[in-house]
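Top to bottom, those sequences are chains A and B. Heads up, the first sequence is in my numbering, so the first residue is -10 and it goes up one at a time. Heads up, the second sequence is in my numbering, so the first residue is 32 and it goes up one at a time.
Treat the hints loosely; a few may be bogus.
Simulated restraints on C-beta separations [stated by the list, open to error]:
1. A:Tyr72 with B:Ala63: 27 to 35 angstroms
2. B:Ala56 with A:His177: 50 to 58 angstroms
3. A:Met14 with B:Val192: 55 to 63 angstroms
4. A:Glu182 with B:Val45: 52 to 60 angstroms
Think of the hints as simulated: they come from the structure by calculation, not from any bench. All C-beta atoms, glycine included, are put in the ideal place defined by N, C-alpha and C.
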Amino acid sequence: MTKLAIGIDLHRCIGCNTCSIACKMQNNVPDGMLWNRVLTEGVEMFDDAVGVYPNLSRTYLPVACQHCENPACMKVCPTGATYKDEQGRVEIDYDRCIGCRMCMGACPYNARVFNWNEPVRATGFHYGDAGVPVRPRGVAEKCSLCKERTDRGDEPMCVHCCPGDARVFGDLDDPDSAVSRLWRRGGHVLLEEKGTRPQVFYVN
Amino acid sequence: MDKRKALFSGRTMVVVVVLAAVVLAAVGCWVAQQMYGLGITGMNNSNSWGLYIMAFMFFVGLSAGGLIVASSAHVFGIESFKRVSVPAVITSIVCICCAGAFVLIDLGGVARVWRMFVGLNFISPLAWDMIVITCYLVINVLDLVWLVRGDERKVAVLSRVALPVAILVHSVTAWIFGLQIAKAWYSAIMAPIFVASACDSGLALLLICLLALDRAKLFKFDRDLMKSLAGLLAVFVAVDAFFIACECLTMGYPGAGEAEALAIMATGKTAPFFWFEIIGGLAVPFLVLVFARNREKPACVVLASALIVLGVFCKRAWLLLTSFTVPNVYGGNGITLGTAAAQVGDAGDVWTTLGVYAPTLPEVVVFAGVVCAGALAYMILSKCVLPKCGGEQ
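Use the sequences and the hints to build the structure in full.
Below, the structure is given as structure tokens:
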């Protein structure tokens, strides 16, 4: 079995948002939404800090679909549009999505975005990988773990572009992979108590 | 036109015209929603369900309540309650159709809804809901037909199926929310709370309808019967209040986790809805109905019933919206809204750290239109069906 995963070394994350934009470019993500967000933890404003001077700290948390082993979104999808593929990725068949948004309520990570309107792109044309399906109005979408790139054996675009080398992509079922080695350095997942068993993990 | 005039006359016709006008406006707004997308509503990525889903929960409850009373009468042989069976089943049919309409209206891709028939995921509570609501509607229609024909034996048999299905239909609606680990909805008491609020709001609506039918001289609503139904309503309100109290205590006592959601309900953004429900929807109606003297007065019964129905609507609001208020993974800038403003505006229009939602005018018009269509259907059905069951009068 293959269990594709991304490990993020938060110590190396500089909060530059390159992953968000790389993802947006690669996947033709329309205006007004992102598949991958970089949060500044514990504050309202991006790049704000926690604490009172001189005891300040600032940490970043990149969040996208966690490609859970036990995906809450997949269970509640009435048409089976959301599915777990044989590589361990959580994917969406947009043709089957009826836009009921059960998945958006179910996802504990707010990973999903919805095409409330006709998608708009500042460029006026589609961009990114030609293999990425174009999503119509009225369907949910989210990080696909760069399905089109990873199918070809490439890394996801966020991993490829990260200037701090904070992101590691690979197969968690292969104990010798870089991502497995990173996991053994003390990986933790978001909202572990929800039991979703994410395949995206973090190392401090 | 002549036929219409024969059906309704004078002042009733004015009401019919007004209702029809609202329905037409709503159809217009719905067409606009199909053309431009759900973006014309107030929903966004931080708060992905709104007024339509509140209304869906609300109407499933109103429907189930009516049928629970009607079928209990036949299952347990409560002779006096049997007399309200026909109006109760009509209420139930109209309300479940409204509920179904709201789910379909809420879909982003209603044109792809046939996917539900070819690739249904039986693990999804929404799939259960579709199946149960369909069964429920069929049972209701059969019930009405057999009641009108006076086929007492068939009605008695059907009622034994109808009662559990009526309870199930609202439990399944509760499970759409109650089984979601991501939200404060995740609670075993969700289904009992939904059934309790279905019983109180459904019976309250039934009482209002019966008094209206009595006034329209379509149905003779015996005052003794009103008194005993109002007594039953007081019991339902007390049960509902008890369940809500259990839930709130369990949420708040540990002082962590769900206590945050309770704080939002009690003092935060959804507090007006919460307190209206507690005071206006439970405490006041209970205090009115608990006295036998008040239960004899139609005005008191109508007032209490209207408060209960409104209170349960407010409950749908706080129940749904509270869980969207604070995302589990919190941080700046938060969530991308995905709205029309976010598509064209600057960063301030794209992001929110907390859940934001306010229904828009088209959304409210569509909501009002479905309610008015329900009222119209109720008037027409009552007018056509009730005179045929002479024995009931």
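So, going through the hints one by one against the coordinates:
1. Between Tyr72 of chain A and Ala63 of chain B the beta carbon distance is about 33 angstroms. The supplied range of 27 to 35 angstroms therefore holds.
2. The supplied range of 50 to 58 angstroms is met by Ala56 of chain B and His177 of chain A, whose beta-carbon atoms lie about 53 angstroms from each other.
3. For the hinted restraint 55 to 63 angstroms between Met14 of chain A and Val192 of chain B, the CB-CB distance of approximately 57 angstroms keeps it satisfied.
4. Against the hinted window of 52 to 60 angstroms, the Cβ-Cβ separation of Glu182 of chain A and Val45 of chain B comes to about 58 angstroms, which satisfies the hint.
Consistency with the previously given hints is maintained throughout, with no hint failing.
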